[in-house]
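Chain G is already provided as a structure; the job is to place chain Y with the ligands on it using the hints.
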Amino acid sequence: MGSFISEPVGKSVPRVDIREKVAGTAVFADDLQFGPGLYYGRLVRSPYAHALIKSIDTGKALAVPGVKAVVTGKDVSTRIGLYLIDRPIFAGDRVRYVGEPVAGVIASTEEIAEEAAQLVEVEYEELPAVFDPVEAAQPDAPLLHPDLGEYEVANFIFPEPGTNISEHFKLRKGDVESAWPKCAAIVEGTFRLPQIQHVPIEPHVAVALWEPSGQVTLWTSSQSPFAQRDLIAQSLGIPHGNLRVVSPYVGGGFGGKAGVSMEACAVVMAQAVKGHPVKLRMTREEEFVGTTVRQSLVAHTKIGCDAEGNLLAMETEYYFGGGAYNDYGVNIARAAGYSCTGPYDIPNVKGDSYCVYTNQPIGSAMRGFGMPEIHWGIEQIMDQLAEKIGMDPAEFRRRNCVRTGDTILTGMKMPAIDLVACIDKVTEAIDWGKREEPSAPHKKRGKGIAIMWKAPAMPPNPGSSAIVRFNEDATVNVEIGAQELGQGAFTVAAQIAAQALGVPYEWVRVSAPVDTKYSPYEWQTVASRITWSMGNAVRAAAEDAKRQILEIVADYWDEDPEDLDIKDGKVISYKSEREQPLQKMVVYGLPNEGFEGWKGGPIVGQGRFMPTYVTNLDPETGQGTRAVVHYTVGAQAVDLEVDMETGQVEILKIASAYDVGKAINPDLIMTQIEGGAVHGMSSAFEALKFDEKGRPLNPSLVDYRIATSVDVPREIHGDIVETPLEDGPWGARGVGEHVMVQTAPAIANGINNAVGIRFNDLPLSAEKVFLALRGREEE
Amino acid sequence: MATHSITVTVNGVREYLNVPSHMTLLRMLREELALTGTKNGCEAGECGACTVLMNGEPVNSCMVLAVEADGAEIVTVEGLTPEDRLSPLQEAFVEHNAVQCGFCTPGVLISAHALLERNPRPDEQAIKEALVGNLCRCTGYLRIIKAVQTAAEKGGA
Ligand code: FES
Ligand code: FES
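Going down the list, the protein sequences come from chains G and Y.
Under the numbering used here, the first sequence is numbered contiguously, ending at residue 782.
Under the numbering used here, the second sequence is numbered contiguously, ending at residue 721.
In isolation and in its complexed conformation, chain G is listed as follows (with noise of 0.2 Å):
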């Protein structure tokens, strides 16, 4: 077998798919071949932002040559949703937003089922529609879900029915009133941050087949194949153990490929057409508005300081425009709440946090979840407030950043971390405090900081399992539930399974794809819970089966397990000195002696985690006593240059520090935070544009831009901090959305830094910047 890799954890050891992934065979959902049988789906969506429903007429489309079935709302009158049930799978008697689907056409190529699905009639009666998440929130605004106040809701979520406020999350700590006459600070400001779209290269597909028999398959690129099968069981009527949900590999998720979107109108389609799998593709410009996006922001934030530069009060508000449906996003507005004031010890807060219904795209869970959009605002007031005392930014973190064993807002105590190694990380990467030269004449200078922490936003007990199983040459199936997005899982399952059980890292392949059918049970693979919870599961598993062999082995010798261990794949005994190979003992057993019987036999270890701690908290207050599992926290600064007759921002380098407990795998580490950082930059320049009508403007490549090979920095660079975490394997803690949370405010600050101007809204487009520099010279 080569060259072994011994006690991998902490080693940065290739990755398990990589060979695959650059010789082009790692399957993708969309790379599956379902032969002749296949007919292909498209969906028909609403032109309208807001409107009735009042008659669908199918007739021309059904008698189109090769068209199967159309489906519409009245084939499925159920509603969907992770947190809050409200999202029905095609639209009933109203739509919400411009290409929400309200039928689908199954036909026997993707062709003919697109010429079909343009002669779908559906009349409609256009309702006022409403965008803006403040004025959303309003009473008089339009009422996009009447229904509110019927709908299943998990009970750590507050809608307010007869409003389009589907979460209020309320913190109350201390008292700010008494706070603010003690300032010798305060800064108060408005931010707002436009809908993003997450943008894997690969679109969102999905393939279903609904047997005569009732077994449902659907073959899907999905960060979530379990909470799919859950969630559209229980949509569908369909028992859990008939519905089986396969997923390849996910070529990049960020977010988008969680919870359920319109795989559930696959399935639906496919009960049209029994025995044939139905496949449905998003184009790219359904991908940018009829998949998922980020939800938007508006936040209304004021924090006071004293003279010394220690925090003493905050107040905010923050409206999220959630889109049309918000069965996900409450919970990211709810995450907003518990954590509004970023990674700061402030006395006294009160912060308000609404998920508010418009009528534009489905907000849902984007990498980060409610952070980047909160710190945007609260990381420039940090640094207004450090100048308006004349302290120094980096400094001023120092002071008032969260750590270890703090009482944080929510009541519950900051678990172990090192925000302040962070920070002196990141400064001195970045040569903080230096001024450095333009590279030309029109050009000015800047560096600028920003900090953030991020707890994985989630119910309070999502579970993972793992299995562990041994074949006669020793070699181990890792099964997990866990997806690669990319991220690097497989690659961590592979580590701590080998490590765990004492065998070379390249004994270890990793079952794929996940199968609902066949891979033990995984939450969802958000959340930057991965490598904690997944990797305790692979850990307990590995270890259940290193116990299994060694009392087999124990029994053999005579010995006490105690005094055995497994190391490079071989059983060996600290007291006598022995050594067994563990080939085909972990299948076939061991002979008693003189061949009288056998002992022990096929090897596999299970295990599972679930976090059992965390409390529910005062819906008045947002006070209890273990309001998330942890917080990861981290640093950022760039250096950036502004060319004064362009607006065109250059961001020169990135520095970036975070604090992982343990990294397990550390060059995966790096690739995601330079991936991070280079996603965050481009978040910063990023926005879906409507017109008055709500309908996009720019749902394309072209008109959407994210940043390309020519835009990246010339450096990136990365710190690592490691305060092992409780209950992580090894210490370890996520940290794979951390790296973008606080990219744009650091940017912002920069920009500051250089030219002595602020922006409160993205996108940081260069007309922008540019209007904003003339503005100043005509002043």
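Bear in mind the hints are in silico, worked out from the structure with no lab data behind them.
The model shown is predicted, which means the values in this text are computed figures rather than measured ones.
C-beta atoms are modelled at their ideal positions from N, C-alpha and C, and glycine is treated no differently.
Among these hints, one or two may not hold up.
Derived lysine to aspartate or glutamate pairs resembling DMTMM-like cross-links, with alpha carbons at most 20 Å apart [claimed, not checked]:
no.	chain 1	residue 1	chain 2	residue 2
1	G	Lys-353	G	Glu-180
2	Y	Lys-692	G	Glu-718
3	G	Lys-656	G	Asp-646
4	G	Lys-692	Y	Glu-610
5	G	Lys-656	Y	Glu-688
6	Y	Lys-710	G	Glu-718
Chain Y stretches covered by chain G per the calculated footprint, using a threshold of three residues with CB under 8 Å from any CB of chain G [said to hold, decoys possible]:
no.	stretch
7	603-611
8	632-645
9	651-660
10	704-718
In silico negatives: residues of chain Y with every beta carbon more than 12 Å from chain G [stated by the list, open to error]:
no.	residue
11	Gly-576
12	Tyr-580
13	Ser-675
Coordinates of chain Y with the ligands only, in the frame set by chain G:
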């Protein structure tokens, strides 16, 4: 639906195919020849995931009709990959961990391969420019750029 008989050499193998007039080269490769290494990211010429070599030049195969490929030589990511091992360019991607989800990777490899064929010693700017049409949402590009540099230093694609 009108179909056309075409002859096209794909990864060194001559294929005789009957294709509908509107079928793209991308669809032909993926759906007729099951060469699914070439990816569909937009079908609009905007992402580069579908990049293949056509007569040695990188093209977005979603923007080429299969009939236009009649008589052409096509190379896909499968054709870049030698039997039993990886090409030096692919090895450089492994060495630099220049892959995350891997969906952009086949197209990126083709563009990089074409660059190294016409310019064996590209500087950083030349690499960035050659890859500008290949969108990657995961990696942040820096490792991809370094991998291409490494392959160039080690003697090419
Ligand atoms: S699929 Fe051809 S450029 Fe995107
Ligand atoms: S590796 Fe995911 S898009 Fe490039």
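| said: If you test the structure against every hint from before, which numbers come out violated? | reply: The structure breaks only hint 13.
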